[in-house]
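Visitor: One letter stands for each residue in the lines below.
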Amino acid sequence: MSHTTQPAPTRPMRGVGDAIRSRWDGLSRPAQWGIGVPAIILIALLPLFPPPLIDTPAVNFGVVMAQFAMYALIAIGLNVVVGQAGLLDLGYVGFFAVGAYTVGLMTSPNSPWNQADGWLNTPWSWFICVPFAIAATALSGLILGTPTLRLRGDYLAIVTLGFGEIVRLMADNLGDITNGSLGLSRIAHPNVGESQQHPEGYFSSGNLGDKHSMNLLDRAGSGTWWFWLGLVFVILVLLFVGNLERSRVGRAWVAIREDEDVAEMMGVPTFKFKLWAFTIGAAIGGLSGTLYAGQVSYVSPGEFDIIKSMLFLCAVVIGGSGNKLGVIVGAFLIAYLPWRFQSVQIGDQSLGDYKYLMFGLALVVMMIFRPQGLFPVRQKLLAYGRQIARAVRRPVAGATAGADQ
Amino acid sequence: MSSSATVGADLLAKSIDFNGSGVVHSFWELTVNGLTYGAIYALVAVGYTLVYGVLRLINFAHSEIFMLGMFGTYVGLELLGFTGRADAYHQGVVLTVCYLGVAMLIGMAVSGVAAVGLERVAYRPLRKRGAKPLAFLITAIGMSFVIQEFVHYALPKLTGNKLGGTNAQTNIRLVEPTTQFTIGGARIDNVSIVIVVAAVLLAVGTEMFINRSKFGRSIRAVAQDPDTATLMGVSRERVIMLTFLIGGLLAGAAALLYTLLRPAGTIVFNGGFLLGIKAFSAAVLGGIGNLRGALLGGLLLGVIEQYGQMFFGNQWKDVVAYALLVLVLMFRPTGILGESLGRARA
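Protein sequence lines correspond, in order, to chains A and B.
The first sequence begins at 21 in the working numbering and counts up one residue at a time.
The second sequence begins at 5 in the working numbering and counts up one residue at a time.
I should point out that these hints are in silico values taken from the structure, not numbers from a laboratory.
Incorrect hints may have been included.
As the list claims (entries may be wrong) - Quick look at which bits of chain B chain A covers, simulated, 3 or more residues with Cβ under 8 Å:
id: 1; stretch: 110-122
id: 2; stretch: 143-150
id: 3; stretch: 262-270
id: 4; stretch: 318-328
Glycine included, C-beta positions come from ideal geometry on N, C-alpha and C.
Construct the complete structure from the given sequences, taking the supplied hints into account.
Guide: The structure is reproduced here in structure tokens:
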């Protein structure tokens, strides 16, 4: 940088997104909740009253939204690893698989570990499994991270890719432990709200929902119920991750992402924080896996291939790596668009078949024209420190419009 | 919990064979098989290693270049009117060798063009914009998707279901494997001979090209120091194109050899993925960016995979390959011959 006489540093590139963001940041916490809660309720009600253009005629919209919630969790978890800490993980599907398989192995009648009938048959069986699944995935993240996180960049990507494949191949080949390629069926789901109408509860896939009922709980199909549950998880995880981001841990992650060597020299124990990121990311992926296992109630190794991993990465990259809300939008696109396209027919072919082709193209075009994603994270302010952050924010937040230079 | 842990170990022991005597018994057979596979891995690995040496880019879409090469030879042979599916070899050695040569050239042409095209379409715009390494990697993944899915869904539409789709093409069988002679208990068939001879010739040719020719020197120069090389009058763009071309040509040749070795079920939209990962592992094993390392790594991976397959049981073949990759990266991130393309003898 030469010291030419440039005009005073003007506001860096401000788009609509930035304007919204700075206004949002200017609001007080209660005001943020005041807007946020109704918005969340609105989103939660969406599958009950699917708007005509957004609806997916080929499949139940609630099921699509449930998948969205699942992908959103994954995107948030992967975002911790890729977006926050800058560790490229191509084997994330492995953690998703571990989470799903934990629930499966604990509750499925096909499971070699659950031959004793009646074990975990209580109405709460699925919920009991969730903490176990989270613990198992966090542990697997720790096991995978400890030896590999010394590697960087491309090499780390390849090792994680290898691990993702190893998880899948293990599930496939260790027939006596995981039931092999046959998979696990009839996995437990939350048995909530059992009644005449819903003999297996609201969450059972048998609950198709009553489109004409005005009782919202009856109107919702099983997909919607899973979506609601997923939404609760998403909000909890968002609060958790958001607090982490604002803490010392989050700042360490950003430092590692921006320049690992410098971070190490400035006294950040990089390995420790990378391991944290990996473990937390893995645990969130595992949580999502439990949702998957419960909703589909069947897992098999073929579901957890590398393509899925790439797809998860797509969600993060398209949404805007490093930005929590951005990656949720990315997850929505990944979950929703294929189903939307599925119902668009061109000739005798459904457009949904081309989903991976289009994701691939989107990735390539995106990397050329907008490598930071649709909603890029605002990095500068974090690097400057709080005071400058506040100084920059003040003209927007303050009521005195005249203060603006 | 301790009882369930022992149960786990018990179950694990049931799923894995640990057939040590099998490895000893058919050692030479496994070695020959391994070298045959390894030769093919090595050829593809060169493509990864060259591109990495020059661009510091893991070209994920290289496996799709390989897959296109398999389709290329198939289509080329069909167009040539070659339909002899099992009796090709009986038409005489000379004719067979001619066909092999032509088929290989077709495969090389298709893969070479595809590789250069890939570089043009996907990577060059990124270089112009000075994108980050992550952007390159994700573009490579994206292109891999695009090519695979194009063959998966679009190609059958364009060709009236004759090409592509979910089912593998029936391969044109050029050489019927017949045992030629036996060494130390290992039967050596003609297919293995063809593959190893072709691979060695191509590898030596590439090595000589890189080490002796003017173009080879410019490749090494760019790998060592792109800026200085540019100042010395080396066109970086041309060098990059050349490395993609060489990698593509070798992948095309490997594609033909692979269909000779595995005649059934390989020419399919995702048929390149596994081999791509293996070849990449081979490149990393030998030391990515190092030409001889790629060859060594390919052969080693092929052989170890065969031993592992015998030792642990058939279904663990791929796990052995991945585990080897992970182990090598963990203990020696620069590979066995950890010197780069640029630092190789001038």
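Visitor: Decide, hint by hint, whether the structure agrees.
Guide: Status of the hints after comparison with the structure:
For the stretch 110-122 of chain B, the stated coverage by chain A is not satisfied: 0 residues place a CB nearer than 8 Å to a CB of that chain, which falls below the threshold of 3. For the stretch 143-150 of chain B, the stated coverage by chain A holds: 7 residues have a C-beta nearer than 8 Å to a C-beta of that chain, and at least 3 were required. Counting residues of the stretch 262-270 of chain B whose CB lies closer than 8 Å to any CB of chain A gives 0, which falls below the minimum of 3, so the coverage claim is violated. Counting residues of the stretch 318-328 of chain B whose beta carbon lies closer than 8 Å to any beta carbon of chain A gives 6, which meets the minimum of three for the stated coverage.
Consistency note: the structure conflicts with the earlier hints numbered 1 and 3.
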